[in-house]
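Undergrad: The lines below spell out each chain.
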Amino acid sequence: MADAEKIIEIEVLRYRPEQDKEPVLQTYKVPFTDDMSVLQGLQYIKDYLDGTVSFRWSCRMAICGSCGMMIEGKPKLSCKTFLREYYPQGLRVEALAHLPIERDLVVDAADFVAKLERIKPYIIPKEARTLEQGEYLQTPQQRDMYEQFSSCINCMLCYAACPQYGLNPKFTGPGVLALLHRYNADSRDGGQDERMKLGYADEGFWGCTAVGYCSEVCPKGVDPANAINQNKMNSAINYFTRFVTPGRADK
Amino acid sequence: MKRSNEPIFWSLFGAGGMLAALIGPALVFITGIAVPLGLIYAPDTMSYNNMLAFAQNWAGKLVMFGVVALFLWHAAHRIAILLHDFGVHAVAAVKLFSYGGAFLGTVIAGYALLAVGF
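Respectively, the protein sequence lines represent chains H and D.
Just so we're aligned, residue 1 is where the first sequence starts under the working numbering, counting upward by one.
Just so we're aligned, residue 252 is where the second sequence starts under the working numbering, counting upward by one.
Bear in mind the hints are in silico, worked out from the structure with no lab data behind them.
It cannot be assumed that every hint is accurate.
[As the list claims (entries may be wrong)] With a straight-line Cα cutoff of 25 angstroms, these simulated SDA-like cross-link-like pairs (lysine to any residue) come out:
| # | chain 1 | residue 1 | chain 2 | residue 2 |
| --- | --- | --- | --- | --- |
| 1 | D | 253 | H | 242 |
| 2 | H | 170 | D | 256 |
| 3 | H | 232 | D | 330 |
| 4 | H | 74 | D | 336 |
| 5 | H | 232 | D | 255 |
| 6 | H | 170 | D | 330 |
| 7 | D | 253 | H | 185 |
| 8 | H | 170 | D | 332 |
| 9 | H | 170 | D | 252 |
| 10 | D | 253 | H | 196 |
| 11 | H | 232 | D | 272 |
| 12 | D | 253 | H | 234 |
| 13 | D | 346 | H | 239 |
| 14 | H | 197 | D | 253 |
| 15 | H | 232 | D | 332 |
| 16 | H | 232 | D | 270 |
| 17 | D | 253 | H | 193 |
| 18 | D | 253 | H | 122 |
| 19 | D | 253 | H | 194 |
| 20 | D | 253 | H | 121 |
| 21 | H | 232 | D | 261 |
| 22 | H | 197 | D | 259 |
| 23 | H | 170 | D | 259 |
| 24 | D | 346 | H | 233 |
| 25 | H | 220 | H | 108 |
| 26 | H | 120 | D | 255 |
| 27 | H | 232 | D | 343 |
| 28 | H | 232 | D | 341 |
| 29 | H | 170 | D | 334 |
| 30 | D | 253 | H | 189 |
| 31 | D | 346 | H | 202 |
Sequences are here, hints too, so could you generate the full structure?
TA: This is the structure:
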């Protein structure tokens, strides 16, 4: 650290279940350079100041989705956010909002993972094909129908942003609903009916009030609000046509 | 999971929103600015007789009913969701106030339009 003369104060929300009744803030003075991310600041704390600080991270390049946290009250990936933006006033980092804290900046993702599994986040082939028949072909136009939604990295920033998820954790939430749409909108997929049953519920698309903050905070340019709105239309059409469309009444 | 009945309210909300976006500003301009100030339209455009004739025509009835009812349902849903976002979740009371109000307005509009005759 050649030009490490600049020092920034990082306030970290600590929660150690064995000693803290409730989360408390702890401040660290961290020397930093202009190219250092908030994640690197936390790594400096862990390596040189306080080895007990816990946080998740892996790739350092905004693709693994592990290092999401509240930075100055906004859900961000700490690897994609730079310390210099908060100099000289300093910054506060906290565990992702709306999710139970396991320890310090580590949240419990069990609810998110359970919801993700429920929507079957994989292609359910429309028709079985033998090896001889070759691969499932798709035109660029068909790919465009779902491509942006496939960029989701499951970082849960949209869950920390969503006021409806904060009010009612039963709401399926933006990320999972965007992924539901990603598979439903894939021309190779035939699992729409199973997935839409989850979407038609109050806890599905209808739990959204179109606030749109999820799309704003997404670090990968996914637009969950758009996915949900498209499917409110699909759900409404299904709601009214299910009695006149053969075979739809039970769906 | 249980299917939501929200599509009913959301569709009315969507239809009202679409209608409001398309003709709302024009209606405000015509009925609130142009006619009272005597711009563009003849001074008696919104006279009692003209408006009564409009309300007695079946097409006029349809337009008036659509505007009043759908605008109300749009507003009701907007109010219910806004209250929810602001932390008022007394679901039954909020629904009674918002959707109940829209329902009442719809019934009154329908009754009044029929009462003025054809």
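Undergrad: Can you name, in rising order, the numbers of the hints this structure does not satisfy?
TA: none
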